[in-house]
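Undergrad: Chain by chain, the residues:
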Amino acid sequence: MELLIIPSLFALAALVIPRNFMRYFGLAGGVTSAVVAIVHAVYYAPTTKYVSLFDPNWTSTFGLSYKMGYDGISLIMVVLTNVITLLILLSNFNKELASNKMFTAMVFFMQVALLGVFTSMDGLLFYIFWEITLIPVFLIALWFGAPGRKQALIKFFIYTFVGSLAMLLALMAIKTGICGNLPAASFAVEDLMAVQLSACSACWIFGGFLFAFAVKIPLFPFHTWQPDTYTNSPMAGTMLLSALMLKMALYGMIRWMIPLAPESLESYKLPIIILGTIGVVYAAILAIKQNDIKRTFAFASISHVGLIAAGIVLLNVDSTMGVFVQMINHSLVAVGLFLAVDIIESRTGIRNMSELGGIAKQAPKFAFWFGVVALASISVPLTSGFIGEFLLVRGVYSYNWIIGLVIGSTLVYGAVYTLRAYQLSMYGPSKNFNFPDLTWNEWLVFFILMVLIVILGVYPQLVIDFVQPSVTRLFENIHSSKILVQ
Amino acid sequence: MSVQQLVPLILLFPLIGGIINGIFGKKLPKALVGSLATLASTLSFATALMVFFQLNEPVKIHLFRMIDLEDLRLSASLLADNLSLWMVLIITGIGSLIHLFSMGYMKHDAGYSKFFTYLNLFIFAMLILVLGSNYFMLFFGWEGVGICSYFLIGFHYSDAEKGMLNGIAARKAFIMNRIGDLGLLIGLFLILSQFGTLEYQELANIVTVDKILGTPWMMFGITMCLFIGATGKSAQIPLFTWLPDAMAGPTPVSALIHAATMVTAGIFLVVRSNFFFEHAPMTQEIMLYIGLATSLVAAFIAMRQNDIKKVLAYSTVSQLGLLFVALGMGAYTAAIFHVTTHAFFKALLFLGSGSVIHAMSDEQDIRKMGGLRKKIPLTHLTFLIGTLAITGFPLLSGFFSKDEIVGHAFSHNVVIYGILMFSILLTAIYMFRMYFVVFFGTFRGTHEQEHHVHEGPASMTLPLVILAILSVFGGLLNLPGIWLKGQAHWLSHHLEHNTGGLNLIEAEHADNGITLMLMIIAVAVCLGALVVCYLVYGKKQNVPVEDAELSGWQKISANKLYIDEIYNFLFVRPTEWLSVVGHKFIEIMFLNGIILGFAKGIGASGELVKKWQTGRVNWYILWMVGGIVGLIVYYLVKI
Chain A
1 MELLIIPSLF ALAALVIPRN FMRYFGLAGG VTSAVVAIVH AVYYAPTTKY VSLFDPNWTS
61 TFGLSYKMGY DGISLIMVVL TNVITLLILL SNFNKELASN KMFTAMVFFM QVALLGVFTS
121 MDGLLFYIFW EITLIPVFLI ALWFGAPGRK QALIKFFIYT FVGSLAMLLA LMAIKTGICG
181 NLPAASFAVE DLMAVQLSAC SACWIFGGFL FAFAVKIPLF PFHTWQPDTY TNSPMAGTML
241 LSALMLKMAL YGMIRWMIPL APESLESYKL PIIILGTIGV VYAAILAIKQ NDIKRTFAFA
301 SISHVGLIAA GIVLLNVDST MGVFVQMINH SLVAVGLFLA VDIIESRTGI RNMSELGGIA
361 KQAPKFAFWF GVVALASISV PLTSGFIGEF LLVRGVYSYN WIIGLVIGST LVYGAVYTLR
421 AYQLSMYGPS KNFNFPDLTW NEWLVFFILM VLIVILGVYP QLVIDFVQPS VTRLFENIHS
481 SKILVQ
Chain B
487 MSVQQLVPLI LLFPLIGGII NGIFGKKLPK ALVGSLATLA STLSFATALM VFFQLNEPVK
547 IHLFRMIDLE DLRLSASLLA DNLSLWMVLI ITGIGSLIHL FSMGYMKHDA GYSKFFTYLN
607 LFIFAMLILV LGSNYFMLFF GWEGVGICSY FLIGFHYSDA EKGMLNGIAA RKAFIMNRIG
667 DLGLLIGLFL ILSQFGTLEY QELANIVTVD KILGTPWMMF GITMCLFIGA TGKSAQIPLF
727 TWLPDAMAGP TPVSALIHAA TMVTAGIFLV VRSNFFFEHA PMTQEIMLYI GLATSLVAAF
787 IAMRQNDIKK VLAYSTVSQL GLLFVALGMG AYTAAIFHVT THAFFKALLF LGSGSVIHAM
847 SDEQDIRKMG GLRKKIPLTH LTFLIGTLAI TGFPLLSGFF SKDEIVGHAF SHNVVIYGIL
907 MFSILLTAIY MFRMYFVVFF GTFRGTHEQE HHVHEGPASM TLPLVILAIL SVFGGLLNLP
967 GIWLKGQAHW LSHHLEHNTG GLNLIEAEHA DNGITLMLMI IAVAVCLGAL VVCYLVYGKK
1027 QNVPVEDAEL SGWQKISANK LYIDEIYNFL FVRPTEWLSV VGHKFIEIMF LNGIILGFAK
1087 GIGASGELVK KWQTGRVNWY ILWMVGGIVG LIVYYLVKI
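Protein chains in written order, with this note's numbering: chain A, 1 to 486; chain B, 487 to 1125.
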């Protein structure tokens, strides 16, 4: 339970800590919760079925069971959340924002909500935490974002909120029973999974979850809120959105959507894979001619997650391992790329690539580290991106070779837009702005990212061993608890 | 030490060298940085030699498991056999010489330590490519060398005039390679789905011993995908246009990566996978014709290029085409033999051109050179040897290695032989043309350049001399059977185990008379070109005219067959158009429009409902009464 309590305490304490100590306080909080998560991970034996964090053994009148806990799938997301939160705090360390008490409080608040999402073993609880995450990320963008943020934020808020309502309806439908199904005993995951759904209700329930997740991921064509929101949020907001918040949706697909309504997976499989594929290609092509460097990477993010979503619905263990490696990789790369963008923007005040250039000459260290992240983003071997993409493209390819070929083109397109953005901003003779090289905290963020990227790229088995037993068990549960329509 | 321990060391030296130079290089003195990198590469070479003399049978070294899943087991492991070790010797041997050369050539460059870091890392990646025991490892090295090549082509990215252009050349190389890589990756998936493993030894066993094959189409698919990968890395039609542009990199890079080692990775891949190709005759045919076309097209373009490095680049493309012709005919050992000699003389020529460019204060246009024969005699002599070797001058290395391929072509198909000889004739012409224009005649550069012309330091001349010696005597490795019956074909015997037999031409046509006749024709072609070029460019001192004055075939040659323009029109511009139009119409107008439409719809419905909320009590009472009446009527009707 200390997993959630520690960041909650830091969130509250941030409101009363003096301004001078705020950034050290924030860093201390980040480190503490990261260490706690890693300790949990070290003591977790992958074959352990399930570790309970909180179970009052009591169900409220409307079915909320308050169950929280983790298996390998949840725990890896918990570790990811805490490490990324630490990196976000560290990235902001030398900025004005780090001394702001509301900012620090909101980051911890966000962390708590995310941890809640990943450790909820109760559908309604999951939904509540899911909705709570909207508040801090919205406020961070609203208070500290770019001038044009308001319209973008309203679009973002309404869009995701409507999506979430669809998920709530789906949850209610299972709990209360529709189309002649028996109602579930509670919202606890095992009770919800035990419900035998008719084809009609499974279709609606799956669709309800899918809508919520498709908006959040975002899956083509539900992505239009994303580029505007990313570009108008401050760095921390963009990082939270891309590195962590969209992972909730991918996690939700694995943990909730497919296990609760696997009956209709077969009918949704192809449409989701096709939407993912369209997203991969469409966003990549759009990214090629963007002028705003942040917007380029926003589209790149859409392109990358399309592949992950396609990999999830394949529902085989090998591709799912690719999903986890690629999710982690995407978080690391997102933090790295958006940090690089922010470094450029805060030093020069420019995000338009045609006005940038020559930075590599003035800031060689930055050029090197930005390059490393860019290479991970285009999934070069020895980086985690390669392993993830290899497993995922292979999965899609074995499902349908034509789609596999199309989705594989991300290898080529990714190189086109990423290298274009990198070269336009970094190459060429120096321009007439002064560009100081990395500060220690920025360097440290990049360094940690590189270490993680390379470790995963060389020895992905680390993650695979951690997650695979839980995934296998989850898939077995899906098969045993439901009478699947063949 | 045993082979098991030595082989990982080969990899380790350049990696450590690269890491040390990468982290501390800037703070260390230049001489130390260069020596360290060169030492790393040389130690690798020495270790490889030790393994070479110890190795009796293929040795597999398991390092660690990378991915261990239900139906996918990939491990990081190495395979030392005659083929991989031969490649290692070429890579580290030539690599060391080029490291040494770079110590002089890059002396005044600001990015000295960065350069040597990349160079060491390149060697490391290339070694992984050839030493890996499975296709997955090969792919790691394959992309790794691509990345190093990318950074080295764009090495001078902050140059005021050419910085951005260098970057674009680098990007072009990387992206074209990536297209090939995608093909290779699909090939890997196919192999996995068909055979369930990526280990060379297991696959070779399955295919050659157990005789378990896929359908002919499956074999065609696998080999085609592998070949597509090879066309990217080894610059074949249609993916060859990146290689000439890659000359934007420093000259030692062109010598090492874009001539001697990386571009032969495609050849290595095919030789390694020969057990697949032997069961895919259709792919072999395609490979043969693609190679032939590339050889011809590149030779044609090289005829009217005036940049000393561009000529050499197209010559490389052309020679690689020749190699694919050999592979298409199943002449794997002949291909490896030519890879070896080509590495010698092409590295020599590139380093020679580097020495010329160095002497000419970075001038690369041969029209502005001339008369360098007397000014830089050592460079001249070695360059001459390189030129003679590549054109197939009797008894030099290129003579023997080309002869073997040509012999195969003759017994395969006389028409192919004829086209090949024409391409070889073109090679001889453009090489001699360049040689005479650069080294004969009068000096045509500026006065300042003339004053400055000088031979490079010993670190630059020594590699030239060693490579020249190798270029002369490299033919001894695989002498044809008409001489020294017993000792002939040493290399072919050495690689026998890897290439599914000897595949010698003697097996097909044992007639010494034909071999001798082919040799005489080849000699005649080479000498004829030599004489003609001497008369035109040497004696008469003709200088190539400006591109604008050219017409007919010369104009087409000078403009590289307009292939870049065609690719731009067919692929680049449509994609960019899609990107712009897609963003404007699909993203902003359509998709975003729908969302805003929804929002507006909700807003409008609010407006509509708002009109009912007038706030006037009499209206509300009216609606209420209406409602009550409606209800009463409803119930009355219902009853």
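Do not rely on the hints blindly, as some may be mistaken.
With beta-carbon atoms standing in for the labels, derived distance ranges [as the list claims (entries may be wrong)]: (1) B/Glu-543 with A/Thr-48: 43 to 49 Å; (2) B/Asn-1054 with A/Ala-45: 53 to 59 Å; (3) A/Asp-437 with B/Lys-593: 37 to 43 Å; (4) B/Gly-682 with A/Leu-462: 20 to 26 Å; (5) B/His-983 with A/Thr-47: 57 to 63 Å.
Hints in this document: simulated from the structure, not taken from any laboratory.
Idealized CB from N, CA, C, for every residue including glycine.
Undergrad: All the hints need checking, so say for each whether the structure fits it.
TA: Hint by hint, here is what the structure shows:
1. B/Glu-543 with A/Thr-48: 43 to 49 Å: Given a distance of about 46 Å, which is inside 43 to 49 Å, the answer is holds.
2. B/Asn-1054 with A/Ala-45: 53 to 59 Å: Since B/Asn-1054 and A/Ala-45 have Cβ atoms about 58 Å apart, the given range 53 to 59 Å holds.
3. A/Asp-437 with B/Lys-593: 37 to 43 Å: About 26 Å separates the Cβ atoms of A/Asp-437 and B/Lys-593, which means 37 to 43 Å is violated.
4. B/Gly-682 with A/Leu-462: 20 to 26 Å: holds (24 Å)
5. B/His-983 with A/Thr-47: 57 to 63 Å: Roughly 45 Å apart at Cβ, these two residues miss the hinted range, so it is violated.
When each numbered hint is compared with the structure, violations occur for hints 3 and 5.
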